[in-house]
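Please build the complex by placing chain B on the supplied structure of chain A, with the hints as guidance.
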Amino acid sequence: MPQKIVALSSIGRFSGTLREPSGCSARGSCGSSASADDLPDAVWRKIQDHPCYSEDAHHYFARMHIAVAPACNIQCNYCNRKFDCANESRPGVVSEKLEPEEALRKVLAVAAEVPQLSVVGIAGPGDALAHAEKTFATFALIHEALPHLKLCLSTNGLMLPDHVERIAAMGIDHVTITINMVDPEIGARIYPWIFYQHRRWEGVEAARILHERQMAGLEALTAKGILVKVNSVLIPGINDEHLTAVNQAVRARGAFLHNVMPLISDPSHGTYYGLNGQRGPTPTELRRVQDQLGADAKLMRHCRQCRADAVGLLGEDRGAEFTRDKLGEPKPFDPGQREMYLAVVERERGDRQKAKEAAQVAHKIEEAPVLVAVATKGGGRINLHFGHANEFQIYEVGPDGARFVGHRRTDKYCVGGHGEADAMATAIAALDGIAAVFCAKIGDRPRQRLKEAGVEAVDAYAFDYIEASAITWFAGRSQSGTVAATA
Amino acid sequence: MAFKIIAENCTGCGACQFECPNNAISSKGGLFSIIAGKCTECKGIYPTQQCAAACPIPKTCVKA
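Which chain is which? The protein sequence lines are A and B, in order. Position one of the first sequence corresponds to residue -12 (this note's numbering), numbered consecutively onward. Position one of the second sequence corresponds to residue 781 (this note's numbering), numbered consecutively onward.
Since the hints were derived computationally from the structure, they do not count as laboratory data. In this text the structure is predicted, and so the values were computed from the model without any measurement. Each hint should be verified, as a subset may be incorrect.
[To be verified] Cut-off 25 Å, straight-line C-alpha distance, at most; resulting in silico cross-link-like pairs (BS3-like, lysine-lysine):
| id | chain 1 | residue 1 | chain 2 | residue 2 |
| --- | --- | --- | --- | --- |
| 1 | A | K69 | B | K808 |
| 2 | B | K843 | A | K69 |
| 3 | A | K69 | B | K839 |
| 4 | A | K313 | B | K808 |
| 5 | A | K69 | B | K784 |
[To be verified] Derived Cβ-Cβ restraints for the label pairs, each shown as a range:
| id | chain 1 | residue 1 | chain 2 | residue 2 | range |
| --- | --- | --- | --- | --- | --- |
| 6 | A | M327 | B | K784 | 52 to 62 Å |
| 7 | B | N803 | A | A127 | 18 to 28 Å |
| 8 | A | A124 | B | K784 | 29 to 39 Å |
| 9 | A | P179 | B | S813 | 18 to 28 Å |
| 10 | B | L811 | A | L314 | 19 to 29 Å |
| 11 | B | N789 | A | M327 | 19 to 29 Å |
[Claimed, not checked] Going by beta-carbon spacing under 7 Å, a handful of chain A positions derived as facing chain B:
| id | residue |
| --- | --- |
| 12 | K69 |
| 13 | G113 |
| 14 | H118 |
| 15 | F182 |
| 16 | H185 |
| 17 | R186 |
| 18 | G190 |
Even glycine gets a Cβ: it sits at the ideal position worked out from N, Cα and C.
Next comes chain A alone, as it looks inside the complex:
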């Protein structure tokens, strides 16, 4: 069957360097990111294949968001859902809204083509619990058809206390609540109004109700053993100093992760903040707050702030391949194919970790760390052409080895119709402060342009593991004492 060939070929690209199975399946000596050590075993087992919660998993596993929840019950100053551009990537934006049965067809189509799929989430584009019946009906259909998929939902928390029993009964074990404040005075500058108990509330009163409902929902979920992540949007001048207090409040109530995301603000989005000159944080400001919050915020540096209809590995969006008009007859799901992929991933995770450790042992690095950018389409490998990269994964490489520290997009905002010259300028701007960019291949002209901008283009490690390659490259560079020329 054609879809089988597609899926197997995507498995095949990982199989080239497979050796004996390493036999590692859990955290500990191999396979896990270092930061996973900060989590209890039971939590890690739940998230180890979840691309949004585990940095390591995000190289191997895909998620999809299904847009069955168009309506919202609060207004945020950073949100305007009227705007929809297919080239744009930010929460609250979708290209088409789905009924539960359509959502199931879409999930079946994606599961048949994307063996990496491990998670289905409902994150809007409105609020998943504003009109919860559609959300739960959708989850029930998906769980019946594909019980191996993890179910997640994302909510502003206003209606959460009313639905905790149902969430637990349906086996939804990951919930994200967006909590931007624990002080209603600050909340009043973020939320102009909420709709609750058949009326609209405004100002501090609205923010107080929202805050109380968020805390009650968080406590009730964690009491049931459901994993709760808290998302906070970092809004400079409004809640940047306040997020420490938010962190303490949500940790005290059992949230297992606190993810601080940058405000995305641009006048063209038509949001209140965008139109009123409220800026987003600089990468340095974001990192400072994440550092203040400690280990749990570090775990989430791979967050891509996905669209409410995103499909694929984080950083890629295959949503356009699975729009309603492209969905044919429901495709049968082949569990064998998924099991094969899981076996490949298990070996790959182990091999990648071993390669990293071997490189660290072989190369003693004394120099100060540098940042490198990687063009990858997943699998923890350098496997993407420079010109095809919409984003780069950023690694810090130095005496402590190589570790993922974030990502930079070259197309974060909808620019539309940019030619080759503009694309190169955008890429160079995104690579500010980066010592080298690792890719599978790069043309002579882009290489020269990068060199002029002070960025070394490295394609000598094409299709190799990211961390081991970065460490080996850095060791060679420090040995030669100069910026080494590469093939």
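For chain B alone, coordinates are given in the frame of chain A:
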């Protein structure tokens, strides 16, 4: 006595349809409209019109 939806403002989110106590809001192809004969402007049920209170876009659910 009825409300109406200004079509060009409507985002199609459906918040109004869910909140309407009279089942007076219909949708076709993602566009929502109020059936005037069914709309009571929520009189005697709620203190404010539910569609207007729930709608994310100002001045979209208005008096016809």
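Exercise. Is K69 (chain A) within 25 Å of K808 (chain B), Cα to Cα?
Worked result: The given pair, whose Cα atoms are some 18 Å apart, holds under the 25 Å limit.
Exercise. Between K313 (chain A) and K808 (chain B), is the straight-line Cα distance small enough, at 25 Å or below?
Worked result: Measuring from Cα to Cα gives roughly 21 Å; hence the hint holds.
Problem set entry | Pairwise beta carbon distance, N789 (chain B) to M327 (chain A), judged against the given window 19 to 29 Å | For M327 (chain A) against N789 (chain B), whose Cβ atoms are near 50 Å apart, the range 19 to 29 Å is violated.
Exercise. How does the Cβ-Cβ distance of M327 (chain A) and K784 (chain B) compare with 52 to 62 Å: does it lie in that range?
Worked result: 57 Å, holds
Problem set entry | Given hint H118 (chain A) near chain B, where the shortest CB pair must fall under 7 Å | 5 Å, holds
Exercise. Is it true that the CA of K69 (chain A) sits at most 25 Å from the CA of K839 (chain B)?
Worked result: 14 Å, holds
For this session: Have a go at the R186 (chain A) hint: is there a Cβ in chain B nearer than 7 Å to its own Cβ?
Result: Since the shortest Cβ distance to chain B is 6 Å, the answer is holds.
For this session: Measure nothing beyond the straight line between the CA atoms of K69 (chain A) and K784 (chain B); if it is 25 Å or shorter, mark the hint as holding.
Result: Roughly 19 Å between the alpha carbons, so the hint for K69 (chain A) and K784 (chain B) holds.
For this session: Classify the hint on F182 (chain A) as holds or violated, based on whether any CB of chain B lies nearer than 7 Å to its CB.
Result: 5 Å, holds
Exercise. Is the interface hint for G113 (chain A) satisfied, with its Cβ closer than 7 Å to some Cβ of chain B?
Worked result: G113 (chain A) check passes; min Cβ-Cβ to chain B is 6 Å, inside 7 Å.
Exercise. Hey, does the H185 (chain A) contact hint survive, CB to chain B under 7 Å?
Worked result: Cβ of H185 (chain A) sits 5 Å from chain B, so the hint holds.
For this session: Would you settle whether the hint for K69 (chain A) is holds or violated, based on the nearest Cβ-Cβ distance to chain B being less than 7 Å?
Result: Status holds, d = 5 Å.
Checked against the numbered hints given earlier, this structure breaks hints 11 and 18; the rest are met.
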